[in-house]
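Asker: Below are the chains, spelled out letter by letter.
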Amino acid sequence: MRELETLLPLLEPPPGGLARLQQKIAKRRHPSEQVSGRSHRRTWNTALAAMVATAICVALVPHWVLQRRQTAMIAAALRRDVLPVNGIRVLNGAAIELPSGQPDVRLYLVQSVADTHQNDMK
Amino acid sequence: MAAREDALYGSYRRLEGPLYNVLYRQLWHREDCQDVIHDAYMRIWARRDSVDEETLDALVWTTALNLARNRLRWRRLWRHEPLVDENHVTVSSEDDFLATRRLRVALRQLPATSRDVLLLSEFSELRGREIAALLRIPEGTVASRKHQAMARLKVLLEDVADA
Chain A
2 MRELETLLPL
12 LEPPPGGLAR
22 LQQKIAKRRH
32 PSEQVSGRSH
42 RRTWNTALAA
52 MVATAICVAL
62 VPHWVLQRRQ
72 TAMIAAALRR
82 DVLPVNGIRV
92 LNGAAIELPS
102 GQPDVRLYLV
112 QSVADTHQND
122 MK
Chain B
-2 MAAREDALYG
8 SYRRLEGPLY
18 NVLYRQLWHR
28 EDCQDVIHDA
38 YMRIWARRDS
48 VDEETLDALV
58 WTTALNLARN
68 RLRWRRLWRH
78 EPLVDENHVT
88 VSSEDDFLAT
98 RRLRVALRQL
108 PATSRDVLLL
118 SEFSELRGRE
128 IAALLRIPEG
138 TVASRKHQAM
148 ARLKVLLEDV
158 ADA
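These protein sequences, in sequence, are chains A and B. Positions in the first sequence are counted from 1; adding 1 to them yields our numbering. Position 94 (the second sequence) corresponds to 91 in our numbering; numbering is contiguous.
Just chain A, same shape as in the assembly (with noise of 0.2 angstroms):
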């Protein structure tokens, strides 16, 4: 007779517990057939992932590489060239004079340092 019987009765765990439990153990004792499904999809997803990845960088790394590459040999010849051009000086950055065609017509690129360093620093 416990003291508190009236208080806390004994209750009954629902049954088939301990069937339930075995179940679960056997699950845990043969992961192997119980995910090789899931194993393989999950397999098939990273590698399409990979291969998509791949061909982004494929497709995008040249393209900006290149790019960064002319604008690294702008902002290489600007620097070079940032003595006065024929007479125009160019403040926080340089002119480079470009053929026109025609006699009266001066053509120039020019581009600020801010710019250059704007360029650099992509």
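These are calculated hints, taken from the structure and not from any lab test. Certain hints may be false.
A partial selection of chain A residues facing chain B, derived with a Cβ cut-off under 7 angstroms [unchecked claim]:
| no. | residue |
| --- | --- |
| 1 | 14 |
| 2 | 19 |
| 3 | 26 |
Here are some of the chain B residues that sit facing chain A, going by a computed Cβ distance under 10 angstroms [unchecked claim]:
| no. | residue |
| --- | --- |
| 4 | 13 |
| 5 | 24 |
| 6 | 28 |
| 7 | 30 |
Heads up, the beta-carbon is just placed ideally off N, CA and C, and yes, glycines get one too.
Add chain B to chain A, keeping to what the hints say.
Answerer: Chain B in isolation, oriented as in the chain A frame:
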């Protein structure tokens, strides 16, 4: 030193009822109780190679009580309060229904260790020394904590009834 599967099932047969009764008075939810019990056995089975059959039952008790505490903490954190299986407790009248509610509120107000001592003393069939080892409290305090818990429970039940 490895627990065999039949030892694990033997332990389950021995402890399912006592564990269920103790855990139910903490979680007040049938499925949660059985989940906790199964989870405890699955965890022990997963590391059965390092489990001594001599101490298997004590390990089950410790694991299950810890899991129940975690679940209660999780409920408090998320303010999740499951519906009580009132029908599970033998309720034959409105008075019984209210008594169960009162008991639940009163047990919740007891200090956690005192509540564990009270419930383990009632249902686990463990001796004072074993309860003390499980709860990591001095052996000499088990009886006094149980006595205090019972007295406090009676007062709380009266208070709840008066409210």
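Asker: Holds or violated: is the Cβ of residue 24(B) closer than 10 angstroms to a Cβ in chain A?
Answerer: 12 angstroms, violated
Asker: Holds or violated: is there a CB of chain A closer than 10 angstroms to the CB of residue 13(B)?
Answerer: With a minimum Cβ separation of about 5 angstroms from chain A (threshold 10 angstroms), the hint on residue 13(B) holds.
Asker: Once the shortest beta carbon distance from residue 19(A) to chain B is found, is it less than 7 angstroms?
Answerer: Check passed: Cβ of residue 19(A) comes within 6 angstroms of chain B, closer than 7 angstroms.
Asker: Classify the hint on residue 26(A) as holds or violated, based on whether any CB of chain B lies nearer than 7 angstroms to its CB.
Answerer: 6 angstroms, holds
Asker: Was the hint right that residue 28(B) lines chain A, CB cutoff 10 angstroms?
Answerer: With Cβ-Cβ at 8 angstroms, under 10 angstroms, it holds.
Asker: When the nearest CB of chain A is found for residue 30(B), is that gap smaller than 10 angstroms?
Answerer: Nearest chain A Cβ about 7 angstroms off; hint holds.
Asker: Would you check whether residue 14(A) satisfies its interface hint, that is, whether its CB is within less than 7 angstroms of any CB in chain B?
Answerer: With a closest approach of 4 angstroms, the residue 14(A) hint holds.
When the structure is compared with the earlier hints, a violation turns up for hint 5 alone.
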